[in-house]
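When you get a sec, could you build the whole thing from the sequences and use the hints?
The primary structure of each chain is shown beneath.
2 protein chains.
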Amino acid sequence: MKDSLYAIIVAGGSGSRMGAAIPKQFLRVAGRTILELTLQKFHQAIPEISIVVVLPEAEIPRWEYICRQEFICVPHVVVSGGQTRFHSVKNGLDTISDPQGIVAIHDGVRPFVSARAIAESFKQAAIFGNATLSVPLKDSIRRKMGESTIAEPRTDFLLVQTPQTFQIPLIQAAFATDYQPFFTDDASVAEYAGQQIHLIEGNDENIKITTPQDLIIAEALYAKNPFGEK
Amino acid sequence: MKDSLYAIIVAGGSGSRMGAAIPKQFLRVAGRTILELTLQKFHQAIPEISIVVVLPEAEIPRWEYICRQEFICVPHVVVSGGQTRFHSVKNGLDTISDPQGIVAIHDGVRPFVSARAIAESFKQAAIFGNATLSVPLKDSIRRKMGESTIAEPRTDFLLVQTPQTFQIPLIQAAFATDYQPFFTDDASVAEYAGQQIHLIEGNDENIKITTPQDLIIAEALYAKNPFGEK
Numbered sequence: 001m002k003d004s005l006y007a008i009i010v011a012g013g014s015g016s017r018m019g020a021a022i023p024k025q026f027l028r029v030a031g032r033t034i035l036e037l038t039l040q041k042f043h044q045a046i047p048e049i050s051i052v053v054v055l056p057e058a059e060i061p062r063w064e065y066i067c068r069q070e071f072i073c074v075p076h077v078v079v080s081g082g083q084t085r086f087h088s089v090k091n092g093l094d095t096i097s098d099p100q101g102i103v104a105i106h107d108g109v110r111p112f113v114s115a116r117a118i119a120e121s122f123k124q125a126a127i128f129g130n131a132t133l134s135v136p137l138k139d140s141i142r143r144k145m146g147e148s149t150i151a152e153p154r155t156d157f158l159l160v161q162t163p164q165t166f167q168i169p170l171i172q173a174a175f176a177t178d179y180q181p182f183f184t185d186d187a188s189v190a191e192y193a194g195q196q197i198h199l200i201e202g203n204d205e206n207i208k209i210t211t212p213q214d215l216i217i218a219e220a221l222y223a224k225n226p227f228g229e230k
Numbered sequence: 231m232k233d234s235l236y237a238i239i240v241a242g243g244s245g246s247r248m249g250a251a252i253p254k255q256f257l258r259v260a261g262r263t264i265l266e267l268t269l270q271k272f273h274q275a276i277p278e279i280s281i282v283v284v285l286p287e288a289e290i291p292r293w294e295y296i297c298r299q300e301f302i303c304v305p306h307v308v309v310s311g312g313q314t315r316f317h318s319v320k321n322g323l324d325t326i327s328d329p330q331g332i333v334a335i336h337d338g339v340r341p342f343v344s345a346r347a348i349a350e351s352f353k354q355a356a357i358f359g360n361a362t363l364s365v366p367l368k369d370s371i372r373r374k375m376g377e378s379t380i381a382e383p384r385t386d387f388l389l390v391q392t393p394q395t396f397q398i399p400l401i402q403a404a405f406a407t408d409y410q411p412f413f414t415d416d417a418s419v420a421e422y423a424g425q426q427i428h429l430i431e432g433n434d435e436n437i438k439i440t441t442p443q444d445l446i447i448a449e450a451l452y453a454k455n456p457f458g459e460k
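First to last, the protein sequences are chains Z and H. Residue 230 is where the first sequence ends in our numbering, and the numbering goes up by one at each step. Residue 460 is where the second sequence ends in our numbering, and the numbering goes up by one at each step.
Read the hints as simulated data drawn from the structure, not as lab findings. Be aware that a few hints might be false.
Claimed, not checked - Heads up, simulated PhoX-like pairs for lysine-lysine below, C-alpha to C-alpha not over 20 angstroms straight-line: (1) 368/H - 208/Z; (2) 138/Z - 438/H; (3) 368/H - 144/Z; (4) 368/H - 138/Z; (5) 374/H - 138/Z; (6) 374/H - 144/Z.
What the hints assert, rightly or not - Facing chain Z, according to a computed beta carbon distance under 10 angstroms, are these residues of chain H, among others: (7) 369; (8) 370; (9) 380; (10) 413; (11) 437.
Claimed, not checked - With the C-beta cut set under 7 angstroms, the calculated list includes, among others, these residues of chain Z facing chain H: (12) 156; (13) 184; (14) 205; (15) 208.
All C-beta atoms in this analysis are idealised placements derived from N, C-alpha and C, irrespective of residue type, glycine included.
Encoded structure:
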C-alpha cells in the first residue's frame, strides 16, 4: 500500500520585514498571492496530496475571501497558527491522524521549490524517516564571538530550506515536546527528539520571499518559468 | 590630507558554475558585461578612485577588446591574476605603493553593491583599519559533522560580502604571508595576521553572480534600479 502524502504550508508570518500593510504570504507575484502559488506548486507536483494551510487566526477571513473571489481551486484545509512556528506546525500536525502517512512541512512564502525536490523529499523521507532540503553557501561566513567575529570554513555549513519532510508518527512524536527557544526549524525539533536529520539537495530558486527585493526577484523567476509550463 | 582611495576588482573566475563558454565576469546584464557594471558602480560612487582590475592572464586580451569595442570609459589598470584569489589579490596589491591609501577589494561579479556601502566601507576602514560588508542569514543553517549535520543558531552567523576594505599598509603586511588553504576571503588573510575584522552593514542586492539563476535575478535588479539613476 502506498503512503498517503500530506503538506503543511506554514504561513504564520506578519510580514514586518516587507514593510507592507498585509502579511507577506498575501502579497502578489504575477498578480497572484504568494500563498496561492505555493499551494499550486505542491498540487501540481503531487495532485493527490492533502494540504493543510496554517494561518494566523486573524488572517483566515482574508484568505477565505481571496479564495472565493479568485476561485482558488487547490483543495486544502485551513487551521489557525500559534505563537511561534513550532506552535503553528503543531496545530497543523494535530489535524492529521495517519500513522502510514508522510508530511512535507513547507514555508508558505517559498513558491519556487521545484516539483523534483518535493517528490524527492517524500521518497527519501519514506526511506530515512525524514528529508530536508539544503544548499551550499555561496558567500563566506563568520561566527559572532561576543563583540567580535571569526572566519569559519564555508564548506562546513549548509543552508536549510523547506520542505522538511517526515514520516508522520516520527514528527508527531517529536512535536509532543514543550517548545524550546533553540528550535530553528522543524528538523531541529526532530533532532531534539533524537532523530538523525537526512539532508537532500534543494534548488537554488527556492527562496524565502521576505523582503521587497525578494519580490522583485520572485517576479523575475516567475516570468522566466511560469508554473505549469515546465 | 585626505586618504587616496583604491579599488581592486577581482575577476579571476573561470565561470564553471555558470555553464557558459565565457568567464562569468564577461556575461552580460542589460547588454553590458558584469565587470563593466561593477567598475561603473565604483566610479560613480567615488569618481576619483583608482581602480585595479585583476583578470586571468589569458582573458586580458578579451577584456581589452571589449573595452575598445564598447568605449568603456571607466579609468582602470589591468593586472594578471594568480592561482587562487589570494594570489590574484596579492598581484593587485603589489601594484599599489601608497602608505596613506585605503583599498576596497571587491568581487568583479558583484555589481549591485550600493554606493552607500562602498563609501561607508572606506570611512570605517579609515577609522578601524578595515571594514567588511556582511548581512544576516535568512535561512536556517546546519554544520557538517562527519557524515551527519547538526542545527546551529542562525543568529550566531553573518554572511560576508565584498568590498572588504583596508588601510593599505595593513593589508599589504597581511598578504606578505604564504598562502594558507583556510583563507576564505581577504578579511581572513588580515585576521590571520592578527587584525581584528570590523564588520559593517552590507546591502541585500549585493549578490555574487555565479549561476544562471543569478543572471535572471541580476536582470530584474538592474531593470528596477538602473545604475546612474539613483
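For each hint, the structure was consulted:
As the CA atoms of residue 368/H and residue 208/Z are separated by approximately 8 angstroms, the hinted pair is consistent with the 20 angstroms bound. Our distance criterion of 20 angstroms between C-alpha atoms is met by residue 138/Z and residue 438/H, whose separation comes to about 8 angstroms. Restraint check: the Cα-Cα separation between residue 368/H and residue 144/Z comes to about 16 angstroms, which is no more than 20 angstroms; the hinted pair holds. Taken as a hint, the residue 368/H and residue 138/Z pair is honoured in the structure, with Cα atoms around 13 angstroms apart against an allowance of 20 angstroms.
Simply put, residue 374/H and residue 138/Z have alpha-carbon atoms about 16 angstroms apart, close enough for the 20 angstroms limit, and the pair holds. Of the pairs offered as hints, the one joining residue 374/H and residue 144/Z holds, with about 18 angstroms between alpha carbons and a cut-off of 20 angstroms not exceeded. At about 4 angstroms, the closest approach between the beta carbon of residue 369/H and any beta carbon in chain Z falls short of 10 angstroms, and the interface hint on this residue holds. A least Cβ separation of about 4 angstroms between residue 370/H and chain Z falls short of the 10 angstroms threshold, and the interface hint therefore holds.
The restraint placing residue 380/H at the interface with chain Z holds, with a minimum CB-CB distance near 7 angstroms, inside the 10 angstroms limit. Interface hint at residue 413/H: satisfied, since its Cβ lies 9 angstroms from the closest Cβ of chain Z, which is below the 10 angstroms cut-off. At a threshold of 10 angstroms, the smallest CB-CB gap from residue 437/H to chain Z is about 8 angstroms, leaving the interface hint in force. Below 7 angstroms, beta-carbon pairs count as interface contacts, and residue 156/Z has one with chain H at about 5 angstroms; its hint therefore holds.
Taking 7 angstroms as the C-beta cut-off, the interface hint given for residue 184/Z holds, the closest approach to chain H being about 5 angstroms. At a threshold of 7 angstroms, the smallest CB-CB gap from residue 205/Z to chain H is about 6 angstroms, leaving the interface hint in force. For residue 208/Z, the suggested interface contact is upheld, since its CB lies about 6 angstroms from the closest CB of chain H, less than 7 angstroms.
Every hint, counting from the list given before, is met by this structure.
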